[in-house]
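Start counting the sequence shown at 16; every next residue gets the next number (this note's numbering).
These aren't lab readings, by the way, just hints derived from the structure by calculation. Note that the structure is predicted; figures quoted are calculated from it, not measured. Please note that a few of the clues may not be correct.
Label-pair distances were calculated between CB atoms; the ranges are [said to hold, decoys possible]: (1) Leu225 x Arg250: 35 to 45 Å; (2) Trp214 x Leu343: 37 to 47 Å; (3) Pro73 x Gln235: 38 to 48 Å; (4) Ser420 x Ala141: 25 to 35 Å; (5) Ser356 x Gly75: 24 to 34 Å; (6) Glu302 x Trp214: 17 to 27 Å.
In silico BS3-like cross-links for lysine-lysine, where the CA-CA straight-line distance does not exceed 25 Å [to be verified]: (7) Lys450 x Lys261; (8) Lys236 x Lys450; (9) Lys41 x Lys236; (10) Lys175 x Lys41; (11) Lys41 x Lys176; (12) Lys450 x Lys175; (13) Lys450 x Lys263.
In this text, a Cβ means the ideal position worked out from N, Cα and C, and glycines have one as well.
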Amino acid sequence: MSSPPHTGASVTQPEAGSASRVNIRKRQIAVGIGNFMEWFDFAIYGYFVAVIGAQFFPSGNPTTEMLSSFAVFAVGFVARPLGALLLGPVGDRAGRKAVLVITVLGMGITTALIGLTPSYAAIGVAAPVIIVILRCVQGMMVGGEWSTAAAYLGESAPPKKRGLHASLVTATAGAAFLVGTLVATLINAVLPPEQVASWGWRIPFIASLLMAAVAVFIRQKLEDTPVYEELTRRREENQVQRVAGKVKATAFVLTMAFSALFGVSLYYFITYANNHLSNVVGMPRVEALLACGIALIVYVIANPLFGALSDHIGRRPVVLAAATGLTLFGIPVFLGMNTGSFPAVLISLTVLGLLVAMSAVMNVVLLVEVFPASIRSTGSALGYNVAFALLAGPGPLIAAGLMASTGNPVSPGFYLVGVSLASLIVLWAMLPETKSNDISRG
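All chains, please: the whole structure from these sequences, using the hints.
Put into structure tokens, the structure is as follows:
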């Protein structure tokens with residue numbers, strides 16, 4: 016299956032490999048640190064979702080509180096397309112670097128403010144209103160970060176190693192979730208429950224402000240990507256042609272499919288699983304977090320391996336394997352977790368983590384390869400964030416709702432399987448092999 020042509024002048028892709036290794040390393044460090052910080056901030060909300068529910072949405076019913084908190088988790092995703100609409104054009108017109116600085120600063124400030132917000136008991140209904148607003152701003156910042164980081168690293172990478180370089184985005188995000196798990200485990204292990212609920216959960220939220228300051232300092236020293244600099248030159252010479260509507264539509268549908276596959280499986284893995292193990296299966300919270308943490312280590316290690324594999328065999332077979340695996344193993348994963356046996360839980364989470372890693376790395380590299388350069392920041396951000404807003408963000412809420420309404424501990428797996436199967440059908444029918452695409456075109 017051949018790649019669809021990109022509309023625009025045909026140019027020679029800037030050879031990022033000719034840049035010094037030191038320069039490429041600086042770019043990787045800057046993107047990696049900022050991406051880690053942003054996803055750590057986003058992750059810790061999920062790890063303390065039960066505590067936050069009790070603090071800001073008190074009802075006396077733990078299930079209702081958790082559902083309310085997951086609903087606010089989903090609100091952050093609803094704001095993502097707005098972030099894409101605002102920040103995507105900035106990335107296409109002012110550069111990828113500008114967005115990377117804005118997102119990391121905005122994320123650090125809003126996360127710290129969540130940690131400083133008084134509880135419902137202190138200020139009443141104003142507390143949940145403030146949390147909802149801050150979650151919306153968080154969502155907007157993340158809405159610009161992921162696709163821009165993907166574009167920045169992809170456009171800076173040697174053409175034959177884009178998959179490997181793309182894995183830095185997913186690996187640092189995974190490391191952020193891992194550190195978030197360890198921090199949550201430590202806080203729950205060291206502090207008694209009443210202190211965790213009153214102030215312990217706030218510590219990682221407030222600490223994010225310091226991490227944001229470091230990330231902004233590093234990112235503002237970056238240069239923009241070779242592809243963006245070439246795009247700027249062609250704009251000045253009026254050589255950038257309008258992208259055909261069919262190319263935009265095809266790229267958008269594909270992005271929705273592989274982003275939904277990644278997003279739903281990711282938030283089942285890093286947000287819903289530990290709450291399911293604690294609140295449904297009845298595992299001790301520290302034990303559940305430990306199992307999730309070990310599986311996350313495997314996930315992080317697997318990211319560069321799958322990235323390098325895709326550089327050799329292509330993106331299509333790897334992403335189709337991920338979609339097939341999630342379709343087939345979505346239910347068995349829950350059967351294993353529901354045993355409550357630590358070894359069975361760990362095996363189930365590890366299988367899920369490996370499949371998520373495959374879909375994660377392919378999400379990043381495909382965001383770069385399916386869009387022409389002139390609309391890459393806007394197009395990839397919109398497709399990615401619409402999929403997350405409609406399907407991925409509500410995933411933990413839908414999973415918890417299925418469990419609450421049916422009482423069947425396997426029922427959350429139905430949504431994972433359904434989304435994975437739909438993504439598999441779309442990708443099988445429409446996705447060409449893209450690893451040889453000239454990403455400077457268009």
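Which numbered hints fail: Violated: hint 8 alone.
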